[in-house]
Amino acid sequence: MKDFPFLSILTLLPLVGAGVVAFIPRKKAELAKLVALIWSLVVLVLSVFMWIAWTVDGGERFQFRESYTWIPAWGANFTFAADGIALVMLMLIAILFPVVILASWNDVDQSTRSAPAYFALLLSFEFTMIGVFAAADVFLFYVFFEIMLIPMYFIIGSFGTGQKQYAAVKFFLYSLVGGLFMLASVIGLWVLGGKTFDFTKLAEATAAIDQNTARWLFLGFFVAFAIKAPFFPFHTWLPDSGGAAPAGAAALLVGVMDKVGTFGILRYCLSLFPEASKWFAPAAMVLAVIGIIYAALLAVGQNDLKRLVSYTSIAHFGFIGIGIFAFTTQAGTGAVLYMVNHGLATGLLFIVVGMFVARRGSALVSDFGGAGKLMPVLAGVLFFAGLASLALPGTAPFVSEFLVLIGTFSTNPAYAVVATLGIVLAAAYVLWMIQRTTQGTLNPALAEVPAMSKDITLREKAVVAPLIVLLLVLGFYPKPVTDVINPAVQATMQDVGKEDPAPTVVADGKAGG
Amino acid sequence: MDPLKLPPIDYGALLPMLILFGAACLGVLVEVAVPRRARNVVQLSLALIAVVASLVAVIMERGTRTVTIGGSVAVDGPTLFLQGSILVLGGVSLLLIGDRTIEQGGAFVSQAAITVGSQKDAQQASGQPGATEVYPLSVFALGGMLLFVAANDLLTMFVALEVFSLPLYLLCALARRRRLLSQEAALKYFLLGSYASAFFLFGVAFVYGYAGGIQLSVVHEAVSNPQRSPVLLYAGLGLISIGLLFKAALAPFHVWTPDVYQGAPTPITAFMAACTKVAAFGALLRVLYVAFEGVRWDFQPILGGIAVLTMFVGAILAVTQTDLKRLLAYSSIANAGYLMVGVLALNPDGLSSTMFYLVAYGFSVLAAFAIISLVRDSDGEATHLSRWAGIGRKSPLLAGIFTFILLAFAGIPLTSGFTSKFAVFGAAVDGGQTWLVIFGVITSMLLAFPYLRVVVLMWLSEPGETTPAVSIPGFLTSAVLALGLIVTVALGVAPAPLIELTQQAAEFVR
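From first to last, the protein sequence lines stand for chains B and P.
Heads up, the first sequence is in my numbering, so the first residue is 1 and it goes up one at a time.
Heads up, the second sequence is in my numbering, so the first residue is 1001 and it goes up one at a time.
Hints listed in this document are in silico derivations from the structure and should not be mistaken for laboratory results.
Here are a few chain P residues that sit away from chain B, every Cβ distance over 12 Å (derived from the structure):
(1) CYS1025
(2) GLU1133
(3) PHE1199
(4) TRP1297
Below are the PhoX-like pairs computed for lysine-lysine, each with C-alpha atoms no more than 25 Å apart in a straight line:
(5) B:LYS201 x B:LYS278
(6) P:LYS1394 x B:LYS27
(7) B:LYS479 x B:LYS2
(8) B:LYS373 x B:LYS454
(9) B:LYS373 x B:LYS461
(10) B:LYS28 x P:LYS1394
Even for Gly, the Cβ is constructed at its ideal location relative to N, Cα and C.
The following block holds chain P by itself, in its conformation from the complex (with noise of 0.2 Å):
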């Protein structure tokens, strides 16, 4: 028998998933170790450290096109892209994540054992410092989401899936106050997630039958060269494509969207709608142009429908919504259906504009929550709709930064949400998905009618007695707001340098 030999390992393209994970042990040490009073602190600076040498270590790597560890991680142009987008978008949650002055104590609660209702549970709320493991928590997640976007063969995939969801689904449950909406949401969560998480695994073990192999390059040889039937071969793509659409929230796999953005604390929707959404249409992406891009004439029209679908879902549930959380998921799994439309394109310009797509939302969705964060009563934030009556009068900074995050959002020139919906509809039809494109104008148009009506509420309607207070943004939330305005304007008016990184991104290897 052969001595079991080590494969070849790259560490320097590992390097950023190394960095992340190592931070995320350490933050679990620091638990233990430091004192109460100094760990939100700690915590944070371990955390935002982590993520920066990280970015550091994607941006040393940009030159790298490998494949290393056996097959299983594949570090190329989109993965660095997009892990660099990770980081990025997380280093800017982290902040959300770290504010405390919007809330004594930040948003999360104390102790997440306390039973809902208590005492006790009323003195957490009142303002005991919210609990620290948050952040491990999340440098976990992230971590998870840099080796899902790099994974190279369908295991590794699955692990990095476990690996970034278990932190999610804890991090749902963990809001200060209503606790059990947030507790409920986390339960959804972890239930259908796990489902979709065994539909991925039952998925990968059809397509091992029928390639015999799990790495992507493998499944594209045998997709290129078929010898079996190709009934494993469907069977496999259409799980494992259940298990990515429901992370992506693609209808009909988007009911848990809602709920848990509702539900989930703050910054841990903001840090979903953005992070998750890049991890999971990067891993999307690559499973679909590396290992079956042979049978793209079968996927395209089903997955073009589960696109179409979704758009509508997206906007027309999100005309009925009456709370801005909820608004906001619905506007989410819209998004995810024009990010499709640029995915199923299935030309290089496809897939830069998808990444552009997913930069450009990332930071406008982050703004967009961070805002949410700041309306609030004494009972929390005041999602409800009516609660938003004539808040421009009250404070027109803040109403003035929502509009515009919101007519990016409709897609409205000069912003980042034109230039993106320009750049996936345009590969879209280049790629000859001319009938996507026509859906996704008309979702289009029915989508702005709800952004629509959040501006008037906020500029036309007169404020009334119940409209709250907005609280004055701490230096953390003030910087996301201030970089999500930034960026959703400078890719609306000046997209130019992010397109050519994209395309000078956009090829993968097998």
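Bound-form chain B, shown alone (with noise of 0.2 Å):
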């Protein structure tokens, strides 16, 4: 099973997926959505089997590499290969796109655009989500990490809610931007390493790169990479598109795209580029402690849920980024796991405020109101969703924010502390929106609103099950994803030529606990 091209066939299933159902007519539009449901369960059952098919005890750094021949003239390959750290994402891909897909079942249905096109561009942008990840020539990963706009762009652009447009232009530029840039530093790459695009390569060239020229490719693919997560300050567009996307693909906006971003920086920059990232690293984490304290206020202030959800997100991804950039195993680690569990736990709670938007027909917050008494059900998933979220331990995001502060902790004590401050917000804004909407007195405007004393149906107990089971197993008990995060993680962190540091910091802080 290990010679088999799970990759490669792995990208190019959800294209012809998008194919098939973008020729669906418009009338049978059920028709369209059981074919997308199907085909991404397709795509789920062949990455389980890919996890399987994985080695985990000394196994090589990259798997299940394949290469065919692109543009000989430039050395682009399609070379697909997955690290550790890129196996956990195309997993968490592979589950959420089916959750996503069902959650959106009836999103479409009144609006006055076709619901195949909707489920077509939905598997169109999985197809750029595996390639991005699977990708191992830099090449290759370029053109996915492009045209993953294009899909997304429509998506917003054509489906969204309220100011749309302004949200998927805005997105489209910012994206293309620091896809611009990290353009420049491609090329830039590509002729000082020898013209030829294959990661491994690459790898070994850039050594002799002199300091300052690999500091600004650095920047380059940095601030692409910073713009996608986002960071703080290249943060506005978030909001914007996770305000006005349908909630559905806000879930992968947020869940999926963004993790392109810190795993960019995690496989070409700290890989490519050992000495930058180091220089480069204070000045990331200062970022990083920014965003997540900034964003949480923010997001402490939000009236619109959609909004709010995007900027806890742009604080979860503060703590991802403190997590790289501490250079320890532990804390990469824990980044890489709370990519993963980031993309279960805030593609939950996007999911479950979707539900909620979709039966009150507004997003605000003031709107709702003691929601909690009309629908006990549902209340209770988005009660979970925000103790996930606000990583509550028991839940998965609990694990990893602990090894990131931990891991954080053993060299830069000073970002550690203030990050914790975050957990701190993080339970005011979730707390402060799960009251307003679901607890205290019902507000009466609530109640004239037939679907809200709709509980729960069947179709979004299927579509938040699976993501509360993976939650609540993958915090109990994460051995069998760090096993596979762990070995990556070290490897890059040899790349970047930082060991541990002795656990001296930790033992005492055991020993004064």
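Join these two chains into a complex; the hints should help.
In structure tokens:
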């Protein structure tokens, strides 16, 4: 099973699916939905097989490597390979897409737009997402990095709500600007690296690039990834896009697409430009910490549920950022685990918020109030998603947040201490949001909306159940995932040339505690 | 006195040009001999057959590397590749020129001499068959372009410049509708073009004074072993460059472009945007690479500055446009800037990537103008941006193709726009011109906005009452659209064969 071309098939499968769904006539919307769901489930099954085929103990860093010639004159190839980090992200994608497709089942029915088009766009978005994580050729990675904008642009612009055109254009331009900075760096890297795009060869060649040039090249990549993640101060597009996108697509936007930024930093910035990464690390840490506090404060003040969740996401990406730039295996593993858990938790939160918004027809917190009295179960699910999102012990995000903080504390205690404040703020924005929407006295206007009295449906149960189960399981037993992540993170830290500090600080901490 | 001897002539190498000039002369005779009703078919077939035959001749000569008729024509890799490109793009443009299904009688005025706004003018606009002189004129222009990229001495180059420019001035004036605009465009183009030609000729005189000859190889020799004060050389090179930069539409010699692109009949705009670009850059490449390579350190920064200026002017002014043809004109100016980045790499990759870019851009721009010719109301083409609102709902296929072409212009991967930009930028970094690439990247960011605005208008806006109908394209325009789209996709997804072809061709003879 090891030799099966998992990655190329996984990448192409959703594209074919998108083509099939796009040609289903508009009148047969139900058929289109069903085909899309089944197609994404097939992708999930294939991913599960890939997970099983992965060699955990003593396996190579990059597995499932495939390479096909593309543009020999430029040394560009269709090279696919996954390390542990990519593998868990691929798994997350494979799980989230069927969930989101099921969650978006009725989203398009009311609109004047075509339902098959929506689901075809979702599948083509899955194609670009899988491609970007599976690529091991910098050119191929860049191609996926850019084309992922197009399906999401149309999803936000055509199927969104509110200021959707503005949000779609802002989203596209922000990402494109970052992408073009990266293009300049990619070209520079290609010329200096001996006209090859192969990740492994480039990682060897970059040692010879002089320090100053390498820092500029790093910066090109970093800006692209910082916009994508997004890190403060490049974040302003996300609340607009998250607020305007349909809830399911928003879950994918923050749950999967934004991870490309942090994944890119880990894979490309750190491994290709180790010296520059170390040089820029303090600045990146400062941005990350500012992001944690600033976004959390803004989240507290939001009155729009979807924008609120978007801001929480920016705060969480700050945690991932400090985890990456702390340069310890513990913090790095924590950061990657955070990427997975954040996808599950914030994905769930967005989807549940979407269920509320769909019933109420408004995303404003002030339009709710006491909704728990009308639909206790759905309110309970929102409560759980909120708790997972604020990293309550017992849910998966707690493990990753804890790892990030102790891993960071051993090298950069100051940042870890400030970041811890973010946890307090997280409790504030989540709990206050829950209180204002589902608790307290029933908003009389709410009782007049018939849909609000309809508690969670069977379809919605099927949507949230897998995510809740995963959040709990990974909260108590994250080992299967950390086992996959750990070697890849260790290899990355080796590229950076950072040894983990002797555990004196941690030991002291334990002795003191 | 020695008897005047004819220099040896390699007729095979000249055959592509001879075929076109012959066919053009024949076309003039057809105007006289064939009855009006049959003329369109005969002329179009004649022009297309000539282009195909000429293309076959180019392919037959693919191995030729020679300088012939007394050193005035060089047939080498770049010549043959560029000639082939001009012929293919020109053939496709002829299909656009020949389409008479979108508008009854075609896009051209039936008699150019009819007074604008008169009774007769209204009659001709309502569907009299268009003038068929456009075919021989186009073929003359094509022939001139073939000679332009092959010219190995500066005077031949000048003659070729005039041969392909004069028909273009005329063609610009022949629009069926909005004739004042069309005539104004032609007059502007003609006056400014004449100035540019004069500058070119003046520059040739200076260079002759410096080098004692006008053959590029002689100039190269003189530049490599300087005997005289370089003032003559710099003055000559500067003036020659102005002439060439004008044709290639680089800032600050670009001001004619928006007016001419807007006023000219759309098929002619497409023809100019695709073929004139190839010809102008072909000649520029030859002059810089063959003759003046020795003073590259002197002209590289100045032309680099011009390239940066061009990219900024094109990108910034494209943002402010409200007319689609003008928007594409400014986009074509910005693209000339990107092409210049490739030219200034001054290495074999620079040559091959510029040639790749020219072909890729040519096909995309042909498809873009073909689509513009389809969106029309009772008053002709509806090119104002606001009229395109919601067109994606009315005809998703057409809007989809246009969106794809716009994404190609914006340089999104899996389109030829991305691969060609990557090629020229890569060559420039390799040639030590990183600063040009950085400005190229910055202007690409700016330039994405106007394209995106059109995409937003087409798909995300609701159709208004004034959104015009989209004509069903006839066979010829459909063929252009299909070809433009296929090439844009193919060069984006699998550019390897064409890249290899350009790399094999990327060597000049002296």
